[in-house]
Amino acid sequence: MAETLKIHATDGSGSFDAYVARPASNEGPVIIALQEIFGVNAGMRQICDDLAEKGYIAVCPDLFWRMKPGVDITDKTQEEWDEAFGYFQNFDHPKGMEDIAATVSAARTIEGGTGKVGAVGYCLGGLLAYKTAVETDADACVSYYGVGIETKLDEKDRIANPLLMHIAEEDGFVDKDAQAAIKDGLKDNAHITIYSYAGVDHAFARPDGVNWDTGAANLANARTASFFETALKD
Numbered sequence: 001m002a003e004t005l006k007i008h009a010t011d012g013s014g015s016f017d018a019y020v021a022r023p024a025s026n027e028g029p030v031i032i033a034l035q036e037i038f039g040v041n042a043g044m045r046q047i048c049d050d051l052a053e054k055g056y057i058a059v060c061p062d063l064f065w066r067m068k069p070g071v072d073i074t075d076k077t078q079e080e081w082d083e084a085f086g087y088f089q090n091f092d093h094p095k096g097m098e099d100i101a102a103t104v105s106a107a108r109t110i111e112g113g114t115g116k117v118g119a120v121g122y123c124l125g126g127l128l129a130y131k132t133a134v135e136t137d138a139d140a141c142v143s144y145y146g147v148g149i150e151t152k153l154d155e156k157d158r159i160a161n162p163l164l165m166h167i168a169e170e171d172g173f174v175d176k177d178a179q180a181a182i183k184d185g186l187k188d189n190a191h192i193t194i195y196s197y198a199g200v201d202h203a204f205a206r207p208d209g210v211n212w213d214t215g216a217a218n219l220a221n222a223r224t225a226s227f228f229e230t231a232l233k234d
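Going by this note's numbering, the sequence shown opens with residue 1, and the numbers climb by one from there.
In case anyone wonders, no lab produced these hints; they're calculated from the structure.
Heads up, the beta-carbon is just placed ideally off N, CA and C, and yes, glycines get one too.
Misleading hints may appear alongside valid ones.
Pair by pair, the computed Cβ-Cβ distance ranges are [what the hints assert, rightly or not]:
#1 114 x 50: 17 to 23 Å
#2 193 x 114: 40 to 46 Å
#3 55 x 82: 36 to 42 Å
#4 212 x 2: 21 to 27 Å
#5 88 x 9: 18 to 24 Å
#6 199 x 88: 35 to 41 Å
#7 169 x 88: 31 to 37 Å
#8 233 x 12: 33 to 39 Å
#9 10 x 114: 38 to 44 Å
Take the sequences, apply the hints, and build the full model.
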């Protein structure tokens with residue numbers, strides 16, 4: 001069951017929509033799905049629908065609304081890639097984090113919610129999931145192949161709740177040096193668990209994506225499911 005949630009920006013500049021998928025029971029912990037550079041597209045909606053089938057209320061906020069509300073594109077054409085990179089390059093990270101914090105607050109009190117809130121992000125959203133662990137009180141976060149995390153390692157000591165990270169060893173956007181820096185820089189924070197996946201590229205878990213890898217995606221998603229089950233339902 002899908003619906004739209006309207007969330008008010010904390011800076012008073014307006015409001016933005018979030019796609020919401022609910023479980024059959026209409027009740028459960030909330031997981032915020034943080035988009036890639038393609039907007040709240042079919043892949044992100046599918047991720048939310050899958051989370052709803054697992055008993056969560058899934059919320060995917062439109063984080064590009066300050067540039068263009070309702071972005072919904074794919075990774076299938078060069079034109080879409082060019083458009084997506086434009087959003088990536090012009091994304092206002094401080095404002096984006098304000099919007100994520102507002103989404104976390106809305107998720108705490110959403111109808112049917114238990115008060116527990118997690119977040120899962122992919123690509124740009126993978127970086128934002130890491131930053132959500134740093135900057136918000138989300139109960140648990142999962143980062144899939146986040147881009148740019150190696151530049152944010154000085155913030156690691158602010159992470160006080162569980163964070164699970166999935167790294168693609170052949171990631172075209174996160175080279176081996178960056179991967180090594182992430183692992184070394186975060187190894188002393190007991191709240192953080194990192195898994196690497198050999199032989200797969202960036203976005204190996206994107207539904208219907210060009211780099212989809214069934215084995216790695218299924219393994220990462222199973223680990224994510226177990227992680228959220230422990231952090232949000234127990």
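| query | Using the C-beta atoms of residue 10 and residue 114, is the stated range 38 to 44 Å upheld? | reply | Given range 38 to 44 Å: violated, Cβ gap about 23 Å.
### Query
Does the Cβ-Cβ separation between residue 114 and residue 50 fall within 17 to 23 Å?
Since the Cβ atoms of residue 114 and residue 50 sit about 19 Å apart, the hinted range of 17 to 23 Å holds.
Exercise for review: Evaluate the given range 33 to 39 Å for the C-beta pair formed by residue 233 and residue 12.
Suggested key: 36 Å, holds
Next on the checklist: Within 36 to 42 Å: is that where the Cβ-Cβ distance between residue 55 and residue 82 falls?
Outcome noted: 39 Å, holds
Please check whether residue 88 and residue 9 have a Cβ separation lying inside 18 to 24 Å.
21 Å, holds
Q.
The hint says 31 to 37 Å between residue 169 and residue 88; measuring C-beta to C-beta, is that right?
A. 22 Å, violated
Taking 35 to 41 Å as the hint, is the beta-carbon distance of residue 199 and residue 88 inside that range?
Cβ of residue 199 to Cβ of residue 88: about 25 Å, so the range 35 to 41 Å is violated.
Check your understanding: Is it true that the C-beta distance of residue 193 to residue 114 lies inside 40 to 46 Å, as the hint says?
Key -> 23 Å, violated
> Between residue 212 and residue 2, does the C-beta distance stay in 21 to 27 Å?
Replying inline: 23 Å, holds
The structure does not agree with the numbered hints 2, 6, 7, 9 stated previously, though it agrees with the rest.
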